[in-house]
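Trainee: Residues per chain, in single letters:
2 protein chains.
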Amino acid sequence: MSGTEEEQAVGVDPEAPFDAGIYGEDGILRADYLAHIGAAIADRDTLTLKQDILKLHQSELGDLIEALMPEQRRALVELMGEDFDFSALTEVDDAIRMEIVEDLPNDQIALAMQELDSDDAVYILEDLDEQDQNEILAKLPFTERIRLRRALDYPEETAGRRMQTEFVAVPPFWTVGQTIDYMREDQNLPEEFSQIFVIDPTFKLLGAVHLDQILRTKRAVRIEEIMHETRHAIPAIMDQEEAAREFEQYDLLSAAVVDENERLVGVLTIDDVVDVIQQEAEEDLMRMGGVGDEELSDTVAATSRSRAPWLLVNLATAILASLVIGLFDATIQEMVALAILMPIVASMGGNAATQTMTVTVRALATKDLDIYNAARIVRRETIVGLINGVLFAIVMGAIAAFWFDSSGLGGVIAAAMIVNMLAAALAGILIPLLLDRLGADPAIASSVFVTTVTDVVGFFAFLGLARVWFGLG
Amino acid sequence: MSGTEEEQAVGVDPEAPFDAGIYGEDGILRADYLAHIGAAIADRDTLTLKQDILKLHQSELGDLIEALMPEQRRALVELMGEDFDFSALTEVDDAIRMEIVEDLPNDQIALAMQELDSDDAVYILEDLDEQDQNEILAKLPFTERIRLRRALDYPEETAGRRMQTEFVAVPPFWTVGQTIDYMREDQNLPEEFSQIFVIDPTFKLLGAVHLDQILRTKRAVRIEEIMHETRHAIPAIMDQEEAAREFEQYDLLSAAVVDENERLVGVLTIDDVVDVIQQEAEEDLMRMGGVGDEELSDTVAATSRSRAPWLLVNLATAILASLVIGLFDATIQEMVALAILMPIVASMGGNAATQTMTVTVRALATKDLDIYNAARIVRRETIVGLINGVLFAIVMGAIAAFWFDSSGLGGVIAAAMIVNMLAAALAGILIPLLLDRLGADPAIASSVFVTTVTDVVGFFAFLGLARVWFGLG
Numbered sequence: 001m002s003g004t005e006e007e008q009a010v011g012v013d014p015e016a017p018f019d020a021g022i023y024g025e026d027g028i029l030r031a032d033y034l035a036h037i038g039a040a041i042a043d044r045d046t047l048t049l050k051q052d053i054l055k056l057h058q059s060e061l062g063d064l065i066e067a068l069m070p071e072q073r074r075a076l077v078e079l080m081g082e083d084f085d086f087s088a089l090t091e092v093d094d095a096i097r098m099e100i101v102e103d104l105p106n107d108q109i110a111l112a113m114q115e116l117d118s119d120d121a122v123y124i125l126e127d128l129d130e131q132d133q134n135e136i137l138a139k140l141p142f143t144e145r146i147r148l149r150r151a152l153d154y155p156e157e158t159a160g161r162r163m164q165t166e167f168v169a170v171p172p173f174w175t176v177g178q179t180i181d182y183m184r185e186d187q188n189l190p191e192e193f194s195q196i197f198v199i200d201p202t203f204k205l206l207g208a209v210h211l212d213q214i215l216r217t218k219r220a221v222r223i224e225e226i227m228h229e230t231r232h233a234i235p236a237i238m239d240q241e242e243a244a245r246e247f248e249q250y251d252l253l254s255a256a257v258v259d260e261n262e263r264l265v266g267v268l269t270i271d272d273v274v275d276v277i278q279q280e281a282e283e284d285l286m287r288m289g290g291v292g293d294e295e296l297s298d299t300v301a302a303t304s305r306s307r308a309p310w311l312l313v314n315l316a317t318a319i320l321a322s323l324v325i326g327l328f329d330a331t332i333q334e335m336v337a338l339a340i341l342m343p344i345v346a347s348m349g350g351n352a353a354t355q356t357m358t359v360t361v362r363a364l365a366t367k368d369l370d371i372y373n374a375a376r377i378v379r380r381e382t383i384v385g386l387i388n389g390v391l392f393a394i395v396m397g398a399i400a401a402f403w404f405d406s407s408g409l410g411g412v413i414a415a416a417m418i419v420n421m422l423a424a425a426l427a428g429i430l431i432p433l434l435l436d437r438l439g440a441d442p443a444i445a446s447s448v449f450v451t452t453v454t455d456v457v458g459f460f461a462f463l464g465l466a467r468v469w470f471g472l473g
Numbered sequence: 001m002s003g004t005e006e007e008q009a010v011g012v013d014p015e016a017p018f019d020a021g022i023y024g025e026d027g028i029l030r031a032d033y034l035a036h037i038g039a040a041i042a043d044r045d046t047l048t049l050k051q052d053i054l055k056l057h058q059s060e061l062g063d064l065i066e067a068l069m070p071e072q073r074r075a076l077v078e079l080m081g082e083d084f085d086f087s088a089l090t091e092v093d094d095a096i097r098m099e100i101v102e103d104l105p106n107d108q109i110a111l112a113m114q115e116l117d118s119d120d121a122v123y124i125l126e127d128l129d130e131q132d133q134n135e136i137l138a139k140l141p142f143t144e145r146i147r148l149r150r151a152l153d154y155p156e157e158t159a160g161r162r163m164q165t166e167f168v169a170v171p172p173f174w175t176v177g178q179t180i181d182y183m184r185e186d187q188n189l190p191e192e193f194s195q196i197f198v199i200d201p202t203f204k205l206l207g208a209v210h211l212d213q214i215l216r217t218k219r220a221v222r223i224e225e226i227m228h229e230t231r232h233a234i235p236a237i238m239d240q241e242e243a244a245r246e247f248e249q250y251d252l253l254s255a256a257v258v259d260e261n262e263r264l265v266g267v268l269t270i271d272d273v274v275d276v277i278q279q280e281a282e283e284d285l286m287r288m289g290g291v292g293d294e295e296l297s298d299t300v301a302a303t304s305r306s307r308a309p310w311l312l313v314n315l316a317t318a319i320l321a322s323l324v325i326g327l328f329d330a331t332i333q334e335m336v337a338l339a340i341l342m343p344i345v346a347s348m349g350g351n352a353a354t355q356t357m358t359v360t361v362r363a364l365a366t367k368d369l370d371i372y373n374a375a376r377i378v379r380r381e382t383i384v385g386l387i388n389g390v391l392f393a394i395v396m397g398a399i400a401a402f403w404f405d406s407s408g409l410g411g412v413i414a415a416a417m418i419v420n421m422l423a424a425a426l427a428g429i430l431i432p433l434l435l436d437r438l439g440a441d442p443a444i445a446s447s448v449f450v451t452t453v454t455d456v457v458g459f460f461a462f463l464g465l466a467r468v469w470f471g472l473g
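These protein sequence lines are chains P and X, in that order. Taking UniProt numbering as reference, the numbering of the first sequence is continuous, increasing by one, and the terminal residue is 473. Taking UniProt numbering as reference, the numbering of the second sequence is continuous, increasing by one, and the terminal residue is 473.
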């Protein structure tokens with residue numbers, strides 16, 4: 001093939017399967033691939049679609065769905081019919097998933113749920129309203145209905161919601177040989193697994209054996225001789241973030257999930273946990289930036305509404321800072337240079353505080369900051385604030401003295417900057433620590449409180465020192 | 001036992017092993033446990049230490065080391081002697097690891113490296129200077145030296161550095177039975193693994209088989225009949241973040257690492273990748289907060305130095321904003337209320353811009369924002385900026401009109417806020433997009449540019465409109 005990418009996209013034979021990789025060098029779906037699929041959808045060419053789409057991984061199909069227009073998404077799902085891989089819906093934005101699922105008849109969803117692993121099915125079902133959930137569950141075979149119902153009965157964002165209910169469990173008195181034979185014959189095994197569990201007749205968890213251990217052991221050995229204690233069984237009601245931390249801490253690949261009676265109810269695997277870990281780190285970033293659980297596919301109305309509260313809080317604190325300036329209106333009238341310079345003092349404090357706060361919030365989230373090093377870190381931040389405060393005070397003092405031809409003004413802004421950058425360091429670490437101690441999420445509220453402190457202290461120190469030094473009104 | 005925690009900590013029998021869990025309810029090491037270990041170190045009681053510490057998981061030992069004082073850490077490593085589990089060093093801060101390793105003789109390090117998985121050994125060795133690295137490698141047996149040297153020869157932060165060089169590989173013509181027998185007999189297997197690889201005599205990668213597949217297949221079947229193509233082999237020189245994205249995208253548990261000739265050189269496992277994923281999300285947060293690769297254990301000097309450049313850039317942009325205010329000094333002198341209100345306009349713009357920028361930076365990092373939805377997202381952000389701009393302009397306009405008893409001033413600040421929040425939305429999305437297109441990291445520089453825009457536009461719009469409206473100087 002020759003010609004530019006765009007020519008290829010137009011000149012491509014829609015009957016031929018798409019053999020090039022679907023991603024470009026930048027890791028983004030190729031424009032010609034998208035045009036090819038778009039053309040096949042427009043032509044209602046199910047043959048080409050099935051040919052190309054059935055070979056995609058669920059996450060590739062998810063990327064494709066996100067890149068399509070809403071009406072194309074609907075048409076794609078319809079054209080693929082029973083061949084549509086619903087697991088791809090676990091890879092797209094919540095809003096897009098809802099848009100697709102709400103369009104489909106419950107019969108079709110119920111059929112699709114039987115093809116999915118239980119964790120994927122629960123992921124899709126949990127966002128539906130209760131009536132639809134019940135209708136869909138009612139159409140499922142008994143065993144699957146019970147499995148999904150059990151997972152859905154655990155609260156949102158718990159290990160019970162994320163677990164897979166398919167697993168291999170054997171009694172302790174079986175031999176390695178019996179176990180291998182059982183696995184060779186049972187058709188109902190999970191798709192891929194790395195350990196098998198050992199249970200008593202009441203499903204109480206006794207231990208686990210890694211597959212490599214089974215492979216390395218002679219057939220006659222009993223399972224109980226090679227099983228290890230499952231030290232890290234996860235209670236089904238444990239918060240998913242806490243479960244993710246267990247996985248991280250103990251480098252787990254999969255873990256048994258047990259109910260309140262220590263009975264095995266499912267297995268949590270690391271690929272589900274990776275998503276939780278990433279979400280958690282993302283949440284901190286989003287909260288510190290003053291945005292909530294927003295998604296790219298959210299509507300204008302939803303986005304405006306979710307961001308407004310934060311802006312309102314910021315308005316209140318900005319007015320508070322203005323009230324402080326208002327105390328010095330006569331001072332400013334006598335010396336307008338103060339109005340020109342004052343934002344610099346506030347801005348440098350705000351930035352220094354954000355640096356300290358970012359480190360603190362992240363360290364609290366990863367549990368790296370605790371009572372054993374808190375005192376040392378507060379001390380370090382205070383000294384860093386002082387050093388950088390003095391450094392930038394000298395620079396800015398010199399600039400101001402030169403700019404307004406007044407060494408007095410240079411001295412005043414230098415002193416104010418030292419005061420404010422010290423306040424910034426203390427606010428940046430103590431406020432998140434305090435919020436954490438009070439059980440609040442330090443990522444959400446810290447920014448507001450911290451910049452309020454640096455604005456108020458900055459304006460007050462600078463304008464107050466100037467009034468005293470120059471004997472102004 | 002009775003009494004408060006502190007009494008217990010003092011009254012504890014240092015000879016008795018510590019049987020309670022080592023973490024408190026808040027997930028932080030218990031104070032009494034730390035006191036118990038501290039006492040044993042002070043008494044140089046190696047019996048108690050070995051008894052208690054040998055049963056810790058490497059990450060638990062890592063947490064313990066981080067909680068100890070520097071001199072206690074040194075004493076602990078010395079007292080544990082050959083029983084010290086070096087893999088715990090992969091779980092602590094870089095600075096603490098360096099502090100411990102640099103204190104140890106190279107002989108002891110070389111001995112320890114032989115006990116570790118190759119990925120852990122590389123993790124510890126890569127931070128040492130080249131001379132120490134060479135000395136330590138020279139003391140290792142030939143095979144291990146070659147293995148570690150090969151991993152260390154790949155550039156930093158690549159898959160080759162993170163891979164494990166221990167793996168099971170078999171020829172395609174072996175049967176399942178032969179493979180199982182080989183694994184039963186070979187003592188040199190990796191500690192835990194979930195798939196075996198299939199190679200030709202030149203080590204070229206042909207495919208892989210999951211262990212569960214082997215367990216489910218009859219002994220007489222040939223490996224080549226059940227092996228699957230390894231679609232996601234990772235080149236050793238691939239950046240570790242890109243490798244992590246492959247794991248996420250395709251839900252991999254482990255992946256073959258191949259050299260430039262497609263020969264198998266190692267295996268990358270998901271537990272190493274989880275750390276990379278977390279680090280990557282953390283980096284965005286840190287960069288947007290104006291801090292670099294800082295760690296909690298960094299010294300005052302290192303911390304001050306790493307934060308100063310960002311503060312310097314902020315100083316420059318703050319001065320730029322002040323120059324804008326300086327254009328209006330006569331205007332402010334005639335109407336001091338402007339100086340009081342102007343920070344509100346800038347602050348609201350800065351916050352709105354930060355919201356948009358946070359969403360944009362994160363979406364770029366996760367590749368959720370691409371050419372297919374960029375236009376839609378820019379449109380959405382603009383409309384959201386306009387809606388929230390108008391909303392808060394009305395609120396603030398009314399407050400200002402009432403506060404200074406001037407409906408004209410209310411109108412001016414309202415108009416300025418609408419202008420600035422629109423500018424904020426555009427800057428918040430277009431600047432990161434532009435930086436990304438230019439190949440720069442949007443997380444690092446966006447904050448500076450974006451708040452410069454909202455400060456300059458905010459001050460200029462507010463003071464300029466006021467000058468025109470009130471006919472001031």
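Please note: incorrect hints may appear among the correct ones.
Treat identical chains as interchangeable: a pair holds within one or across any two.
Stated by the list, open to error - Heads up, simulated EDC-like pairs for lysine to aspartate or glutamate below, C-alpha to C-alpha not over 16 Å straight-line:
| # | residue 1 | residue 2 |
| --- | --- | --- |
| 1 | Lys204 | Glu229 |
| 2 | Lys50 | Asp251 |
| 3 | Lys367 | Glu25 |
| 4 | Lys367 | Asp275 |
| 5 | Lys367 | Glu102 |
Hint data in this document are derived by calculation from the structure and do not stem from the laboratory.
Trainee: Could you run down the list of hints and mark each one as holding or not?
Mentor: So, going through the hints one by one against the coordinates:
1. Lys204 - Glu229: For Lys204 and Glu229, only the intra-copy Cα distance (13 Å) is at most 16 Å; the inter-copy one is 39 Å.
2. Lys50 - Asp251: neither (39 Å within a copy, 23 Å between copies)
3. Lys367 - Glu25: Only across copies: Lys367 and Glu25 sit 13 Å apart there, 37 Å inside one copy, limit 16 Å.
4. Lys367 - Asp275: Answer is between: at 15 Å across copies they meet the 16 Å cutoff, but 19 Å inside does not.
5. Lys367 - Glu102: neither (40 Å within a copy, 26 Å between copies)
Of the numbered hints stated above, those contradicted by the structure are hints 2 and 5, listed in ascending order.
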